[in-house]
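Participant: Residue-level listing of the chains:
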Amino acid sequence: MDLYAQNILDRYKNPFYKDKKLDAVINHKEANRSCGDKVELSLKIEGDKVTGYAFSGNGCAVSMASADMLGDLIEGMTKEEILKLTKEEIYAMLGIEISIRRSKCALLGLLALQNALLSEPRSWSDYHI
Amino acid sequence: MDYKKDFPIFKQRPELVYLDNAATSQKPQAVLDSEKNYYERLNSNVHRGAHFLAEEATIAYEGTRQAVADFIGAGKTNEIVFTRNATEGINLVARSYGDEFLNEGDEVLLSKMEHHSNIVPWLQLKERKGIVVKYLDIDDDGQFVFDGSQITSKTKFVSLTGMSNILGSIPNLKPIIEAAHEKGAKVLIDACQLAVHSPIDVQELDVDFLVLSAHKIYGPTGVGVLYGKEELLKQMPPFMGGGEMIQEVFEDHFSPAEIPHKFEAGTPNIAGVVVMKAAIDYISKIGFDQIQKEEHELTEYALEKLKSLPYLSLVGPKTSKNRGSVISFTIKGVHPHDIAEGLSQSNICIRSGQHCGQILMDYCDLSATARISLAFYNTKSDVDKTVKALEEIYQYFN
Ligand SMILES: Cc1ncc(COP(=O)(O)O)c(C=O)c1O
Chain A
101 MDLYAQNILD RYKNPFYKDK KLDAVINHKE ANRSCGDKVE LSLKIEGDKV TGYAFSGNGC
161 AVSMASADML GDLIEGMTKE EILKLTKEEI YAMLGIEISI RRSKCALLGL LALQNALLSE
221 PRSWSDYHI
Chain B
135 MDYKKDFPIF KQRPELVYLD NAATSQKPQA VLDSEKNYYE RLNSNVHRGA HFLAEEATIA
195 YEGTRQAVAD FIGAGKTNEI VFTRNATEGI NLVARSYGDE FLNEGDEVLL SKMEHHSNIV
255 PWLQLKERKG IVVKYLDIDD DGQFVFDGSQ ITSKTKFVSL TGMSNILGSI PNLKPIIEAA
315 HEKGAKVLID ACQLAVHSPI DVQELDVDFL VLSAHKIYGP TGVGVLYGKE ELLKQMPPFM
375 GGGEMIQEVF EDHFSPAEIP HKFEAGTPNI AGVVVMKAAI DYISKIGFDQ IQKEEHELTE
435 YALEKLKSLP YLSLVGPKTS KNRGSVISFT IKGVHPHDIA EGLSQSNICI RSGQHCGQIL
495 MDYCDLSATA RISLAFYNTK SDVDKTVKAL EEIYQYFN
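Order-wise, the sequence lines are chains A and B.
Under my numbering, read the first sequence as residues 101 to 229, first letter to last.
Under my numbering, read the second sequence as residues 135 to 532, first letter to last.
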């Protein structure tokens, strides 16, 4: 069985940002009820920059690895840059092919992150999936 | 017996192990032939043409109504309404019967193992009319927790599943139906899962309404059945308006057609309805005795094999007693979605997630399960392949 690429499995098994303590300013939760995945993000904001990232949650390897890798991706980014992140950039970050049936798993972290920063929340259709 | 040879998909995809029958079953050759035959020889609109072709199509369409009535033991064909699916049947009852006969404060009793399609229409009725929705608890065997006290003079409607699409359990409905009728409440049974595993007799059960979907009983998608007792269907106002369902139309009013046409507005899924008869005939040809024997044996086998994996937990009844061939489970350290993905890579189709049963998931404190659902055409070798793949998936993550 060679289910996922090694990087996904590693980040799923040994996440860096999962359940980390953070004096967060923003907490935000998103769920994909159809498969039962949940991601709750904590963000620390200084000025227009996101300076701290942590998450908790429960889900498949793709959703959890993606939420974890997102922490590296957004390091040093401004809010504006984060809001511009696209699904293609997330797929590139994961480095594996994402089938339609797994697209929500891959993007749950991004949805939670962007909605944490928005007053008008985005939905799946905004990612054209 | 090799029943798979009756199902062309297994010829097209020889490696396919299809264990997602509770979502939809595969279709036998006879059903595919019937669809082709309908469009090649009968295609025409029903009930509205003066020509011979319309008459032949109408005869075929109404022939399925008779076949369905016989299939579920209904006494009269006008008690059979064709819908798009079981979900539409429940919505029809909640809208038509619910809006007409239920009032603020009246109680509708459901259970915690209902499919969303037997919950949301009642929550919508709650929004419209202020009814109260109550739920029966579920015990470890997947049976309803019922001692009579859950049905009171306030209970006006009881809507329950005949078999859980998550736990696989087949609840004992008789005492609940009797208690409901004693208090004057009406009863709907969601037979979506039950209908493919067990013969049904609506008169013997004495249900007021029953719904099912053709696509789960080896028939086509896009056709559902609502059974309703004649005297109730007659009292109920139409659900949707349009052609087919009217007697007369004037500028300021209309009069509806008689049942069952009153509830079949617009051109129905004629081909689908006609083809459904081929599915029913196929089931009759195999026979429920045989289907149940095969499925019981497969379920026992699968349960034993799954129980032998120490890291796997069954969700729902642990034995093959009072259950159909639907088995939910979880694996330590592996999310159900990853289980399904891993099996998918081995050509094995199962379902993972919440199975349209969020209330049960929350009640059992589970975020998701993996579910295999077997049909009589599955084999012990399908189960063996699945168990082997599950072992590999567990190794991969641990
Ligand atoms: C128990 C139960 N009820 C209702 C439904 C809804 O069936 P349909 O989507 O065909 O209307 C299903 C299908 O998954 C089911 O398993």
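Incorrect hints may have been included.
As the list claims (entries may be wrong) - In silico contact screen, one side only, chain B against chain A (beta carbon under 8 Å); selected entries: (1) His181; (2) Ala184; (3) Asn237; (4) Glu241; (5) Gln479; (6) Asn481; (7) Ser486; (8) Tyr497; (9) Ala502; (10) Ile527.
Unchecked claim - Output of the computed footprint for chain B on chain A, the stretches with three or more beta carbons under 8 Å from beta carbons of chain B: (11) 146–158; (12) 189–197.
Calculated from the structure, these hints are not laboratory results.
Ideal Cβ placement from N, Cα and C applies to all residues, glycine included.
Participant: Could you run down the list of hints and mark each one as holding or not?
Facilitator: Quick rundown of the hints versus the structure:
1. His181: violated, 39 Å
2. Ala184: Given a least distance of 47 Å, the restraint on Ala184/B is violated.
3. Asn237: Nearest chain A Cβ about 32 Å off; hint violated.
4. Glu241: Violated, about 27 Å.
5. Gln479: holds, 7 Å
6. Asn481: violated, 13 Å
7. Ser486: holds, 7 Å
8. Tyr497: Result: violated, 14 Å to nearest chain A Cβ.
9. Ala502: Since chain A brings a Cβ to about 3 Å from Ala502/B, closer than 8 Å, the hint holds.
10. Ile527: Result: holds, 6 Å to nearest chain A Cβ.
11. 146–158: It is violated, with 1 qualifying residues against the three required.
12. 189–197: violated (count 0)
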